[in-house]
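Undergrad: Keeping the supplied structure of chain A fixed, place chains B, C and D upon it in accordance with the hints.
The lines below spell out each chain.
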Amino acid sequence: MKLVYFSWIREKLGMAEEDVTPPEHVGTVGELLDWLGSRSEAFEKVLEHDKVIRVAVDRVHIDDHATPIDGAQEIALFPPMTGG
Amino acid sequence: MKLVYFSWIREKLGMAEEDVTPPEHVGTVGELLDWLGSRSEAFEKVLEHDKVIRVAVDRVHIDDHATPIDGAQEIALFPPMTGG
Amino acid sequence: MSVEPTIRIQQQDFDLAAEVERLTQGRRDIGAVVTFTGLCRDEDGRLVALELEHYPGMAQDEIARIARQAIERWPLTGLTAIHRHGRIAPGENIVLVIAVASHRQAAFEAASFMMDYLKTRAPFWKKEHPADGSQGEWVEARSEDDSSAARWED
Amino acid sequence: MSVEPTIRIQQQDFDLAAEVERLTQGRRDIGAVVTFTGLCRDEDGRLVALELEHYPGMAQDEIARIARQAIERWPLTGLTAIHRHGRIAPGENIVLVIAVASHRQAAFEAASFMMDYLKTRAPFWKKEHPADGSQGEWVEARSEDDSSAARWED
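Protein chains in written order, with numbering that gives the first Met the number 0: chain A, 0 to 83; chain B, 0 to 83; chain C, 0 to 153; chain D, 0 to 153.
These are calculated hints, taken from the structure and not from any lab test.
Here the structure is a predicted model, which means the values were calculated and not measured.
The beta carbon of each residue, even a glycine, is placed where N, CA and C say it ideally should be.
Among the hints, erroneous ones may be present.
Cut-off 30 Å, straight-line C-alpha distance, at most; resulting in silico cross-link-like pairs (DSSO-like, lysine-lysine) [as the list claims (entries may be wrong)]: (1) Lys44(B) x Lys126(C); (2) Lys126(D) x Lys50(A); (3) Lys11(A) x Lys126(D); (4) Lys11(B) x Lys126(C); (5) Lys1(A) x Lys126(D).
Quick list of simulated restraints, FRET-style, between CB atoms [said to hold, decoys possible]: (6) Asp145(C) x Asp33(B): 18 to 28 Å; (7) Gly90(D) x Glu73(A): 35 to 45 Å; (8) Pro67(A) x Glu139(C): 56 to 66 Å; (9) Gly90(D) x Arg45(C): 37 to 47 Å; (10) Gly85(C) x Gly90(D): 29 to 39 Å.
Next comes chain A alone, as it looks inside the complex (with noise of 0.2 Å):
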């Protein structure tokens, strides 16, 4: 599965996008947040603001953290939208 991430999240983790596969108990959009927590520093560190991270699952903004990610192709994490 395809990450990509926006705005000072792509900046403090210093990569726009990476491709990971979970483990097989990674089975939610929560679950996913904290396996990613725990493979580097750096997401730890955004994961410290995680009460304002905003995921989007195949383009589609997700507001539950229990949403399933099975059968995702793109995950995106970004902070909340200042456009307009």
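TA: Just chains B, C and D, lined up with the frame of chain A:
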């Protein structure tokens, strides 16, 4: 004093304006309307719609028929506005 | 420094882009421009034109009064209102309001307020010219316009 | 017949008058055109530019979703939303929304709704470029924008 008429009031009266000198006892907008109604049949017919007739004294909307007209130069009578 | 509104009553058409440019050119403090353009409709083919009658001596002053209320109420950086009179065909412009501000809410609300008050306070009257050649009627005031204006009262 | 909104995500500027013309030309059933243009402010000289980052794969789809909601909710005859990305200087355009309808209330409300949702749902992020050459900050989301969007929820 000059009276000016607009929209269907102008059409029903058959004139856009006239100069009048009301008698002494006509001191308010309401009294002016009554006096005008007593002067002509055409005006009496217009006054059948007096609930919707709007009045401007010297180019300012007047909501209260008890408003004095003493010293007024131009009094306008028109139906509710439909611009915009 | 108080904003000086642009108010025009005219027979000829107006140019939306030029009027926006007048309010924004050279400025770096504007965040939001809201424009409202009102056009003549043919009412499903029923009309060939509207005739806009107005009270020349009062129209400019009354719209200026409405504009001053908007400027006092919202932090605007610019405000324009142009109202046409005379015969206007379907598809043609009737009225333009532009409200300019740092933030969008002020611009949206001021433009909406201006239109509600133009509808109910500016001395203009519309007469219909029917497509079938019959004698046209004067457009009746809509009670929705009064209630729309009333929502701005405190 | 359902209205097909025009949605564009682009680096280059847009032309307000041309976009209005696209929605109104040749029509006789339109009574109201509301446009919102959002511009870059210099924040009292503090900024030389904003950088607009976006999520290319999602931005178009998300704005189209918002537009469909507006079209379902109000009787519109046309709807356009254009959002720029990249580096934008103070005084330049960022975003354009145009809502067209028979009556003004639908046009005003739909344009305002579109902007509230573009602010809070469209995947764009603004970074400041300060005039003093320092490292710019990412603009923080405003809670007013969330509450402004929340007023449209039933």
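Undergrad: For every hint, state whether the structure bears it out.
TA: Against the structure, the hints:
1. With a CA separation close to 20 Å, the supplied pair Lys44(B) and Lys126(C) stays within the 30 Å bound.
2. Straight-line distance between C-alpha atoms of Lys126(D) and Lys50(A) comes to about 21 Å, which keeps the hinted pair within the 30 Å bound.
3. Note on Lys11(A) and Lys126(D): the hinted pairing holds, with a Cα-Cα distance of about 14 Å set against a maximum of 30 Å.
4. A threshold of 30 Å between alpha carbons decides the hint, and for Lys11(B) with Lys126(C) the separation of about 14 Å falls inside it, so the pair holds.
5. Annotation: proposed proximity of Lys1(A) to Lys126(D) holds, straight-line Cα distance about 25 Å (limit 30 Å).
6. Distance hint check for Asp145(C) and Asp33(B): the Cβ-Cβ separation is about 26 Å, which falls inside the suggested range of 18 to 28 Å.
7. Remark: the range hint 35 to 45 Å for Gly90(D) to Glu73(A) is upheld by a beta-carbon distance near 36 Å.
8. The hinted range of 56 to 66 Å is satisfied by Pro67(A) and Glu139(C), whose Cβ atoms lie roughly 58 Å apart.
9. The beta-carbon spacing between Gly90(D) and Arg45(C), approximately 45 Å, falls within the hinted interval of 37 to 47 Å.
10. In this structure the supplied range 29 to 39 Å holds for Gly85(C) paired with Gly90(D), their Cβ-Cβ distance being about 36 Å.
In this structure, every one of the numbered hints holds.
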